[in-house]
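K.L.:
Got chain A; can you put chain B on it based on the hints?
The listed protein sequences derive, respectively, from chains A and B.
Start counting the first sequence at 12; every next residue gets the next number (our numbering).
Start counting the second sequence at 12; every next residue gets the next number (our numbering).
Keep in mind the hints are simulated off the structure, nothing from the lab.
Hints may be right or wrong, so weigh each one.
[To be verified] Below, in silico cross-link-like pairs of lysine-lysine (DSS-like), each with a Cα-Cα straight-line distance of 27 Å or less:
#	chain 1	residue 1	chain 2	residue 2
1	B	Lys106	B	Lys84
2	A	Lys63	B	Lys106
3	B	Lys66	B	Lys84
4	B	Lys126	B	Lys106
5	B	Lys126	B	Lys89
6	B	Lys106	A	Lys41
[What the hints assert, rightly or not] Chain B is faced by these chain A residues, among others (derived, beta-carbon under 8 Å):
#	residue
7	Gln29
8	Ser44
9	Gly53
10	Pro54
11	Gly69
12	Asn90
13	Leu99
14	Leu101
15	Ala113
The structure presented is a predicted model; accordingly, all values stated were derived computationally and were not measured.
We put the CB at the ideal spot given by N, CA and C, even for glycine.
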Amino acid sequence: DAGVTQSPTHLIKTRGQQVTLRCSPISGHKSVSWYQQVLGQGPQFIFQYYEKEERGRGNFPDRFSARQFPNYSSELNVNALLLGDSALYLCASSLTAWGTEAFFGQGTRLTVV
Amino acid sequence: AQTVTQSQPEMSVQEAETVTLSCTYDTSESDYYLFWYKQPPSRQMILVIRQEAYKQQNATENRFSVNFQKAAKSFSLKISDSQLGDAAMYFCAYKTMGYNNNDMRFGAGTRLTVKP
Numbered sequence: 012d013a014g015v016t017q018s019p020t021h022l023i024k025t026r027g028q029q030v031t032l033r034c035s036p037i038s039g040h041k042s043v044s045w046y047q048q049v050l051g052q053g054p055q056f057i058f059q060y061y062e063k064e065e066r067g068r069g070n071f072p073d074r075f076s077a078r079q080f081p082n083y084s085s086e087l088n089v090n091a092l093l094l095g096d097s098a099l100y101l102c103a104s105s106l107t108a109w110g111t112e113a114f115f116g117q118g119t120r121l122t123v124v
Numbered sequence: 012a013q014t015v016t017q018s019q020p021e022m023s024v025q026e027a028e029t030v031t032l033s034c035t036y037d038t039s040e041s042d043y044y045l046f047w048y049k050q051p052p053s054r055q056m057i058l059v060i061r062q063e064a065y066k067q068q069n070a071t072e073n074r075f076s077v078n079f080q081k082a083a084k085s086f087s088l089k090i091s092d093s094q095l096g097d098a099a100m101y102f103c104a105y106k107t108m109g110y111n112n113n114d115m116r117f118g119a120g121t122r123l124t125v126k127p
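Excised from the complex, chain B in its bound form:
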């Protein structure tokens, strides 16, 4: 079964600095998707960034980028120029690619604090 591990329960960063959140996963499949979701106190899960496993190029979305290491099964999120609004829970998630894929597997989350 696919599992997702986030080893950092909490992280903090100074405003305008850079922080990296770690994620590892376990799977025997070769094609899949990886995601980072943000969950602020409002509770709504917001997609931050997505990576397709067959793509070698790391995904980027403005200040957010990932370091995808397929062989190591590692998928870290880098937040550059951190802003106060980045403070939230961040969840790494895995999803099988294919017609019958149905669910996402989430890690336990990392709580990010941004200090002014």
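The following block holds chain A by itself, in its conformation from the complex:
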């Protein structure tokens, strides 16, 4: 079975632009979580979606939004990009929202210039 896949792997955006990151969970997993990992730090929770509903939101501005589709894949959108949004964005999937086994993708490296 394929693991968690994220696309794109890298991208460069200009300040003020918008970006969409994509995540496909492991087959059968219904929960997707998004994390932001700034260089030199641990991941920080952004969102969790389960069964297409938002189940949790971290301390991020409204410029960050996400959604989950009927096939359980997910998109993370960031509007009005700032230099500080430059980070590795990780997606994790699990069977349920309360599952303890979270599987991570390889992340999307976003650089804002």
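P.N.:
What follows is chain B alone, placed relative to chain A:
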């Protein structure tokens, strides 16, 4: 709010030797999960070991074991017989137990170097 602290930004170990990575956390809850994740240069976070707070027995996975001290809120990772492939960033993480738990809290990480 739950916080996770890793006080060792970098550690090094000789191949075949043993190393211990430290982690402390702060919580007022009695039931929770603790994890150690490994992040190699490939960037993918890989689960190394998991501990349920209600279990007194320390978790072990082959060469990896933990020392879970609930009262002290300490959760250290011991790597025995270190191998070159163990070199990576190691993150300690905390997760609330329960239906509505949604996120993991990570420490800042410890970079482990393995010397041949």
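K.L.:
Are there hints from earlier that the structure breaks, and if so, what are their numbers?
P.N.:
The structure conflicts with hints 4, 7, 12, although it agrees with all the remaining ones.
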